[in-house]
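Participant: Residue numbers (this note's numbering), protein chains in the order written: chain A, 1 to 219; chain B, 1 to 282; chain C, 1 to 67; chain D, 1 to 201.
Some hints could be false.
[To be verified] For lysine-lysine, the following BS3-like pairs were computed, each having C-alpha atoms within a straight-line distance of at most 25 Å: (1) LYS47(A) / LYS186(B); (2) LYS47(A) / LYS80(D); (3) LYS167(A) / LYS156(A); (4) LYS21(B) / LYS43(B); (5) LYS174(B) / LYS21(B); (6) LYS188(D) / LYS61(A); (7) LYS47(A) / LYS53(B); (8) LYS174(B) / LYS53(B).
Simulated from the structure, these hints should not be mistaken for lab results.
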Amino acid sequence: MINLIGGVPLYVLEFGDELVYFTPYTITLFLLALTFTVLVLISRPEKQVDIAFGGDAYRTKEISVSEMRFRRFMAIACGLATMGAMVTGDIFNFTLFTAMVGITNVGIVAAVKSLHVQDAAYQYGLVALAATVPLFAGAAIYAAVTGSLSMIELMKGTLPAVPLIAKGMLMLGVIGEGMAPFYAAKAEMFRAPGAPYVIMCSLSSLLLFLRVVEIVMLG
Amino acid sequence: MIAELILATFFGLLLLGIHRKIIARIQRRPGPPIWQEILHMLKFSFKTTWIPKTATPVLFVGVVLIAIGIWTAAFYILVSGGSILVILGIYMLHKIVEHGFGLSSGSPYGKYGGVRSVISAASEIPLFVSVAVIAVYTHSLDLSAIMQYQQVHGPLLIIAFPAACAMFLVILSKMPFGPFSIVEAKELVSGYKTEHFGIWRAGLEICNGLKTFVLLAVFLAVFIGPLSLPWLLVGMILLIVILAFACALTPMMSPFDSVTIQMLVTALMLVYAAIVLLVVHP
Amino acid sequence: MKRTTVVRIFWAGAAVCVVASVLFFMGIIPLPVCAALLIVAFPVTVLSLFFCWMAGEFGGDIPFIGY
Amino acid sequence: MWGQYSYGILVVLVAGVIAFYALARERDDLHKLLLLDLVEIVAIGIIALLGTDLAEALILPGLTVGIAELLALSQIYCTKEGICERPVRGLNIEVIAKGDAPLIISIFLIAYGIILSGFTGGGVAGLGLIFLFISRMYREDINLLEMASGISWALWIFAFFVFMFLPQYWFIALMGAAIGILLKVTAKMSLVGTMWGEHRD
Chain A
1 MINLIGGVPL YVLEFGDELV YFTPYTITLF LLALTFTVLV LISRPEKQVD
51 IAFGGDAYRT KEISVSEMRF RRFMAIACGL ATMGAMVTGD IFNFTLFTAM
101 VGITNVGIVA AVKSLHVQDA AYQYGLVALA ATVPLFAGAA IYAAVTGSLS
151 MIELMKGTLP AVPLIAKGML MLGVIGEGMA PFYAAKAEMF RAPGAPYVIM
201 CSLSSLLLFL RVVEIVMLG
Chain B
1 MIAELILATF FGLLLLGIHR KIIARIQRRP GPPIWQEILH MLKFSFKTTW
51 IPKTATPVLF VGVVLIAIGI WTAAFYILVS GGSILVILGI YMLHKIVEHG
101 FGLSSGSPYG KYGGVRSVIS AASEIPLFVS VAVIAVYTHS LDLSAIMQYQ
151 QVHGPLLIIA FPAACAMFLV ILSKMPFGPF SIVEAKELVS GYKTEHFGIW
201 RAGLEICNGL KTFVLLAVFL AVFIGPLSLP WLLVGMILLI VILAFACALT
251 PMMSPFDSVT IQMLVTALML VYAAIVLLVV HP
Chain C
1 MKRTTVVRIF WAGAAVCVVA SVLFFMGIIP LPVCAALLIV AFPVTVLSLF
51 FCWMAGEFGG DIPFIGY
Chain D
1 MWGQYSYGIL VVLVAGVIAF YALARERDDL HKLLLLDLVE IVAIGIIALL
51 GTDLAEALIL PGLTVGIAEL LALSQIYCTK EGICERPVRG LNIEVIAKGD
101 APLIISIFLI AYGIILSGFT GGGVAGLGLI FLFISRMYRE DINLLEMASG
151 ISWALWIFAF FVFMFLPQYW FIALMGAAIG ILLKVTAKMS LVGTMWGEHR
201 D
């Protein structure tokens, strides 16, 4: 239907059947993921201030070093997985990276010592786990129908058309893993202190959503 | 190139000033002069500045740079007639920027502003649907190709009117004083930008000017077609007048209502997209 | 940061912006390259310009006492 | 072939709908997690329906990701419910005398694993080792195990380089990769077995 959604591929790296390609669209997304990952790498968490509304009382939350290390590691892993999902040219690899983003998103907030946040993280984790079903199923139907998982092949338009159900499942899987753009379910997670890390949650799911929009428009 | 960028920024700020002035006049106030937003930006840039002790310094400063950077990128994509999908992506990333502004300071007001910006993400789906509809008609997502299509077939504003309405709503949700601007509601002081003062705020104003310019120009390019520069500026002023009326005549909604209405619009848009996909262009 | 440092950053950023624009108009570099340079340089230039107006003359009128 | 695939998909989708329905009805957090583990099987089923060697290659990462998420979530559940401070001790069932029985079972599992070879074999052999370690409360030198795992991984990677650059020696590469992955998975799984609850008692 539509040719070349993200622009002409500028660079294609074929490594066996693993291939990586850059279009103006994916390169923009990749650079953004890279920028934020570097930010996570070099920034320290903020001291979140809690106030009692209606009173004068306020106090800052401290993040212990071990917790900070763990969360920073998770946030960087999340950034790397996001970058992978942005540049991969293989649908199954994309789903794997997406699933990894789901795990690391939970990991980013899992170390927070707050029952609210942990509860939200657990519930979100359940959704993410459930979302791997449509995610992998979508990729499998892609492979079954077209016989290929390569996005470059899909882009050429010579393969059989991908059924709408596969696209829907892929989309549903990404929405479940990253929750973008329905972050409302994640809102409790964003109450966790440690802005640079928490921001990675929303960034990764947003970028994944933007990428999957491109992918479902390919076939 | 740099000259265009600076001019676009200032024109965007001027548009925001016009927006403010019209709202004031509708509400029977004299209102500030229309160049108030430019003065505002300059005023903030002369303020003494530091970084709050509770903030995470790198993100606190970095997010201002990113905010200006992404809209600069959007401006050049607009100029070069690149893919509308990238501009859309940048529009959605602005949400992350707001989130970063709010959370990086550690202030509770900022945090709630940031969280609100995250939950109001529902406003983006109409945008996707309208883009999908445009793609169905024009068979391309490049701005230049969309403009070419409109030169031949007439403006998409007429052909795909609901899509234009959806995009209008999306722009409305990014306007100050609008019904959907729950991220900077007064009960949160200034929402996500509460703790960004001095030059950080001035940087944010630059970003706002550029953002307004790019969003309005993209709307005109996508739904009206190629316009010469004077007509483009006139069209943008017209659009901001309409937006100002929409903002002035509607109350600010509660976060819950705002999200509900955006979801409803999304549902309507999905129905419309399905009709277009199945009936108009099978 | 000292005022001199900020001023230097500003001039460097401004130089990159102007040179990139000029090179683009002369047709030496394509638009994406020019845009990439400006996307990096413009925010830095703007913020350093704002910063250098007030930097270093006196150290904040209200000392920040923290929360 | 195509008809079979469609029927297969239909069956799997029905299974998926039933599983998700159960998930929606379930209120208990832990039960939800267990149900989700079952739901994962549906995803594996859909991939397996491809029925090609590609499917086999896709199932493994899918399974790994699922297990990783399951482990992460159960850890969060423990923290959330405040049950992580419970001391984890070795398997203490009366039936298993700390005598020869675990050894025999372990040897059997390891031997079977070696015969199976490859990833699956590694899993089976690792299970045997875990069983041995848990039932005997054996404190293994973790550094040694990690080193073995690392060396076998290097062997595996080296075999792949042979595949890529010296394809005429494919048989050696195949054997190297098979042994490498077998040792690697065995070592890793026994690491999991010994490290579980390591920082306590």
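Participant: Compare the structure with each hint and give your call.
Facilitator: Checked hints:
no. : hint                  : in the structure
1   : LYS47(A) / LYS186(B)  : 24 Å, holds
2   : LYS47(A) / LYS80(D)   : 23 Å, holds
3   : LYS167(A) / LYS156(A) : 17 Å, holds
4   : LYS21(B) / LYS43(B)   : 19 Å, holds
5   : LYS174(B) / LYS21(B)  : 18 Å, holds
6   : LYS188(D) / LYS61(A)  : 38 Å, violated
7   : LYS47(A) / LYS53(B)   : 8 Å, holds
8   : LYS174(B) / LYS53(B)  : 30 Å, violated
Comparing the model with each numbered hint stated earlier shows that hints 6 and 8 do not hold.
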